[in-house]
Structure formats: C-alpha cells, structure tokens
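Let's have the full structure, built from the sequences with the hints guiding it.
In case you want the letters, here they are:
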Amino acid sequence: MNTCNVLTGFFLVVSVVGQGAIALSRAGESSVRVLARGPAGLRIEGKSTEVSLAEEASALLFKVPLAPIDTGIGLRNRHLRQSLEVDKFPDATLRVKLADLEFPKEDSPVESQVTGELMLHGHTRPVPVRYRAERRAGGLTRIAGSLQLDLRDFEIVPPSYLGVAVSRDVAVVVDLTVGSL
Amino acid sequence: MKPASAAFALMAIFSTAASAYPSMIRHGYTQCAACHTDPSGGTLLTKYGRAQSELLLSSRWGAGKEDEPSAKDDFLLGVLRTPDSLSLGGWFRYGYIWNTVRGTLVDDRLLQMRGDVAAAFRVGPVRAAAQLGYSSASSAPFTELAWVTRNANGANLVSREHWIGLAFADDAGLLRGGRIYVPFGLRNLEHTSFVRAATRTDIDQDQQDGIAVAIAKESWRMEAMAILGNYSVRPDAFRERGFSGYLEAAPFSRLTLGVSALVTRADAVLGSKGATLRQAYGVTARASPWTPLVLLAEVDALITTPLGSGGASAGHADWLQADVEVLRGLHLLSAVEGMKAPGSDPSSLGLWGGAAWFVVPHLDVRADWVRRFTTGSPPTTTFLLQLNGYL
Chain A
391 MNTCNVLTGF
401 FLVVSVVGQG
411 AIALSRAGES
421 SVRVLARGPA
431 GLRIEGKSTE
441 VSLAEEASAL
451 LFKVPLAPID
461 TGIGLRNRHL
471 RQSLEVDKFP
481 DATLRVKLAD
491 LEFPKEDSPV
501 ESQVTGELML
511 HGHTRPVPVR
521 YRAERRAGGL
531 TRIAGSLQLD
541 LRDFEIVPPS
551 YLGVAVSRDV
561 AVVVDLTVGS
571 L
Chain B
338 MKPASAAFAL
348 MAIFSTAASA
358 YPSMIRHGYT
368 QCAACHTDPS
378 GGTLLTKYGR
388 AQSELLLSSR
398 WGAGKEDEPS
408 AKDDFLLGVL
418 RTPDSLSLGG
428 WFRYGYIWNT
438 VRGTLVDDRL
448 LQMRGDVAAA
458 FRVGPVRAAA
468 QLGYSSASSA
478 PFTELAWVTR
488 NANGANLVSR
498 EHWIGLAFAD
508 DAGLLRGGRI
518 YVPFGLRNLE
528 HTSFVRAATR
538 TDIDQDQQDG
548 IAVAIAKESW
558 RMEAMAILGN
568 YSVRPDAFRE
578 RGFSGYLEAA
588 PFSRLTLGVS
598 ALVTRADAVL
608 GSKGATLRQA
618 YGVTARASPW
628 TPLVLLAEVD
638 ALITTPLGSG
648 GASAGHADWL
658 QADVEVLRGL
668 HLLSAVEGMK
678 APGSDPSSLG
688 LWGGAAWFVV
698 PHLDVRADWV
708 RRFTTGSPPT
718 TTFLLQLNGY
728 L
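Just so you know, the protein sequences line up as chains A and B, in that order. Each step along the first sequence adds one to the number in this note's numbering, with nothing skipped, and position 141 is 531. Each step along the second sequence adds one to the number in this note's numbering, with nothing skipped, and position 315 is 652.
Any given hint could turn out to be false.
Between beta-carbon pairs, the in silico distance windows are [to be verified]:
| # | chain 1 | residue 1 | chain 2 | residue 2 | range |
| --- | --- | --- | --- | --- | --- |
| 1 | B | 548 | A | 552 | 28 to 36 Å |
| 2 | B | 501 | A | 552 | 20 to 28 Å |
| 3 | B | 446 | A | 561 | 52 to 60 Å |
| 4 | A | 444 | B | 700 | 51 to 59 Å |
| 5 | A | 553 | B | 715 | 48 to 56 Å |
| 6 | A | 477 | B | 548 | 45 to 53 Å |
| 7 | B | 398 | A | 477 | 27 to 35 Å |
| 8 | B | 462 | A | 444 | 44 to 52 Å |
| 9 | A | 527 | B | 403 | 39 to 47 Å |
| 10 | B | 690 | A | 526 | 46 to 54 Å |
| 11 | A | 472 | B | 700 | 25 to 33 Å |
| 12 | A | 490 | B | 505 | 39 to 47 Å |
| 13 | A | 552 | B | 715 | 48 to 56 Å |
| 14 | B | 690 | A | 561 | 40 to 48 Å |
Hints are computed from structural coordinates only; laboratory data are not their basis. We put the beta carbon where it would ideally sit given N, CA and C, even for glycine.
Rendered as structure tokens:
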C-alpha cells in the first residue's frame, strides 16, 4: 500500500471518528431535528436545541419554539418561518396523556408508541409518536421520540422555491434529557 | 522526459475546467440533481442551483443572511428571462500558465480555456440538455475528444454533452441517451487530476455516447451507463464500448461513501494494434466533519488487458483533497495524488496547493500550484491563474 492509500485511509478514519465524536459529544443535549425531503433525493434538515417539557395534571406537554430552527441557510430559514407563519403561531406543542405512557425504571428502558395531540400552525391533530425513555444517573431521564406529519393536515402549504418543492411528509425527531418524571 | 515533452504534458494538467462542486456536502448537499441538470452534477445549473451559488458559494458583500438572491443571478445577469421549463447558461474561462522543469521556465502562455453555452429544457417527464462551445487551436489537444467540427489546425466547435431523456419516480430517476458525462468516481473540478486522467473521466472531454439511468434518493444515488462509444472519435476502432457506473451512499448528511466501476473494450488503442479491455474500480469518500472543511478521496484500481496477446497489467490512481473555506467564498485547497499506469514502470506523485475565491456569484478566480514527481523524470512545477465565469 503506497503513501496515498495510507493517507486516504487515515483521513477516512479521522472523518468517521470525527462524526462519531460529534454525535457523542451532543449526547445529553436537548435537540429537535426536522427532516423534509425534496425532489431527486434532496434532504433538508432543520435543527434546534430549544425544546422544553412541562408536566400538567394529566399530560406531558412538549414545546418547541419554531423560529430558532436552523436549516443551515438563512434564506431557507426565512422561508420556513413564513411557511409556518411563526409570527402568528410561534410554537409547536405535543400533548401526551400520562395515562397512555409507560415510564422507565432503573435499568429498564421502555420503547413504545402513543398517540399525542400535535398543535402546529394553529391546528391540533392526533399523531402517532414513537418514543424511548430511559433512566440516567443523577435522577435524569432521557427521552427520544419521533413522529411523522403531513403538512396538509395542518393547512401548511409545502414550501416551494425555484422549482424545488418540499414533500408534504415531514419527520420530527426530539431528544431531550429531563429531571425525574 | 525532455523539457519540451514535459511542457506539453504540463499543459495537459490544465486545459478547460468545468463547474463541479462535490464539496457542497459541507452544506448537507449529498445529491447533485437539485442544482444541476445532470443528475450526477457538474453541468448546467438549474434555477435553484443558480440561487445556491450566491447563497452558499460566493462572498456576499454585506448582503444579509436571509436576503433573496439577486435577480442578476439569472442568465446574462437577468437581462433575458426564461420560462421555468428552460435553463440557459454558459461558461467562459481564461488562464495564464507557467511551467517549470528543474527550475527552468519551459512554457508560459495565456490560455483560452472554455467558451461554452448550454441549454436544458423540461416538459412533462421529458428532459434534454446540450452544450456547444468554442475551442481554440491551442487547446485542441485537450478538447478534441469532444469536437463537433474537424479542423485539425485551427479552432473547433465542441459539444461536451447533448442528451434527451425521461424522468420517472417523481424526478428521482432519469433515463437518457446521448453524449453524457461518464458516471465514475468524484466529479471533481480538478479534471486533469490523476484519477480523472487515468480513468479517462476528465469532465472536459471524456464524455461518451450511450444510454444511462440515474436514481437519486435521500440516502443514496447511482448512475449506470451503457457506453456505446465516443462518436467524436474516429475511426470507429478507437471507440470504447462497455459499462460505467457508481453507487454512493450517504450514511450521514455530511458523509458519503461510494464505489465505481468501468469496463470498456476498444478494437484499437494508441500504442497497441490489438483490441484492449480496460477496467477501473474505485472507492470514493466525501466528508465534512466540520463545516469549513471538506475531504474528498478516491482510490482507483486500473487493469488493462490486451485481448489475445498477453496478460493483464495493473495500476492505480489516488486522490485526497482538503478544501478549507477560511472566509465565506474563499477556499484554501490542497491535495495529494498518486498514479501508476497499467503496463508502465514509472509511478507518479502529485502535490497540489492553491486558493479559490468566489468573488461574486458566478465569477471566481483561482490560483494553483502543482508539483509532480515521476520516477525517472525531473520534477515539474506548474503555476496557474484562472478566471472563471458562468453566464
């Protein structure tokens, strides 16, 4: 194997390890990822670290402010905010009944699916939510959940720009660590 | 190698450059088809691609992050408006090159590198694109595989691509036929790098006539082409026929890993009287572990087999490039490359360094320094300044 091959292998390993290290370093942070798709394999990913959880009398309420979601391109962020009418509807919320949830125990994480009520763009619709919850040291609980939504259900016109239109199906992935539930 | 032949070889390092930016992976773009009319990238820009050129590639000179791109991004600075079904564009590129061998300047000259116009249209599922350009007499050795006219001692018309096809699966797929960029490896801008030259996939002139199918999905893309021959090449015995293709997966939004294969047969090749089977198998990677940094790598195994007269001979070509965007629009570029051609003893090593500045949308300047070492030959050094514009 010549020098070039060694260097190529080295940089590939560095890259892959780097990606893994970045992912690991973010473990424990709260994050929201919004995945939209366009034509010809176009993938648009919006990210935010602003997600909160509040406990109500009979439900858990997840809240995501929409304005901070960053898609990596400033103009695209503006188009996203316009599409969601963030000035009028600044937050998305997901309400899940406590009675429908399974809670993790020490050394016993839970994975399940539940139906929650998603409020977005001024409309509330039931959506299936997959989640995984596990206890962490220090009395913390890590919750990872995902859901799929159809923009039409919330009367959101799929953004379209210069001939590239976003698909109506959008995935949302939430990861947050909270105090004891 | 004599200085004169070294100078000729050095000129081949830089002829016409195209516009291909696999480094756009730093912005999460693992696919090409949203910005280019060719699903594997490197050609005419779509309207969306024109906008990304301003939003992501060039210096913005005080424009706000959320500002709309200027209307001057359109064809001919927006003077000529085109319907959504039609995309027009063009390239002009000039350069000045200095070549030295053993520290002695053996060649310096102004290069007319590219002057092409291109059009693409889409009506329903029908897609078509074509380029037509001017090639000066001085660039003839480096464009003749794409000639339309046959003026051996003067200027020529060139057409690097012309094809028509049908889109399917909501534009995720494209089946087309015509003269097409060969789907293999990284479609990198440095089209005379060893990996492009050794595999004959130089995006300047190594296109082939054939039928290709491309599919681009969220986490993978592929293109496979039945090569029917380069019909700019005469006589027919020199036309290569066979297959080429790649498959690239994107396990992360900023990491892709790919494999490529090319198998062609020609009845005759330069330097050989008989039929020859040529094979190339490659692996590629694109990664952006940190937004300003993009790493591009390609390693190709090369096999040439004279049919009916002797065994196969093997070689390799390698490319590893780092692209660091130090300021918005300003890139520092470095690369190391290696090559051993099948059937030849000398091996070569190349080192690249340089900078590219996307001054305003669709206009960039680039400076390159390339030093190449080949066993048994003196080292060569090339300096090149380029001005590149897109209409």
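So, going through the hints one by one against the coordinates:
1. Between residue 548 of chain B and residue 552 of chain A the C-beta distance comes to about 30 Å, which sits within the given range of 28 to 36 Å.
2. Remark: the range hint 20 to 28 Å for residue 501 of chain B to residue 552 of chain A is upheld by a beta-carbon distance near 23 Å.
3. The supplied range of 52 to 60 Å is met by residue 446 of chain B and residue 561 of chain A, whose beta-carbon atoms lie about 55 Å from each other.
4. Judged by the Cβ atoms, the range 51 to 59 Å given for residue 444 of chain A and residue 700 of chain B holds: they are separated by roughly 52 Å.
5. Our hint of 48 to 56 Å for residue 553 of chain A and residue 715 of chain B holds, since their Cβ atoms are close to 52 Å apart.
6. Between residue 477 of chain A and residue 548 of chain B the beta carbon distance is about 51 Å. The supplied range of 45 to 53 Å therefore holds.
7. In this structure, residue 398 of chain B and residue 477 of chain A meet the distance hint of 27 to 35 Å, their C-beta atoms being roughly 29 Å apart.
8. For the pair residue 462 of chain B and residue 444 of chain A, the beta carbons lie near 50 Å from each other, so the given range of 44 to 52 Å is met.
9. For residue 527 of chain A and residue 403 of chain B, the Cβ-Cβ distance of about 42 Å falls inside the hinted range of 39 to 47 Å, so the restraint holds.
10. Against the hinted window of 46 to 54 Å, the Cβ-Cβ separation of residue 690 of chain B and residue 526 of chain A comes to about 48 Å, which satisfies the hint.
11. Restraint check, residue 472 of chain A to residue 700 of chain B: a C-beta distance of roughly 30 Å satisfies the suggested window 25 to 33 Å.
12. Between residue 490 of chain A and residue 505 of chain B, the C-beta spacing of about 42 Å keeps the proposed range 39 to 47 Å intact.
13. Checking the proposed 48 to 56 Å range against residue 552 of chain A and residue 715 of chain B shows it holds: the Cβ atoms sit about 51 Å from each other.
14. Here the CB-CB span from residue 690 of chain B to residue 561 of chain A is close to 42 Å, well matched to the stated 40 to 48 Å.
Checked against the numbered hints listed earlier, the structure breaks none of them; every hint is satisfied.
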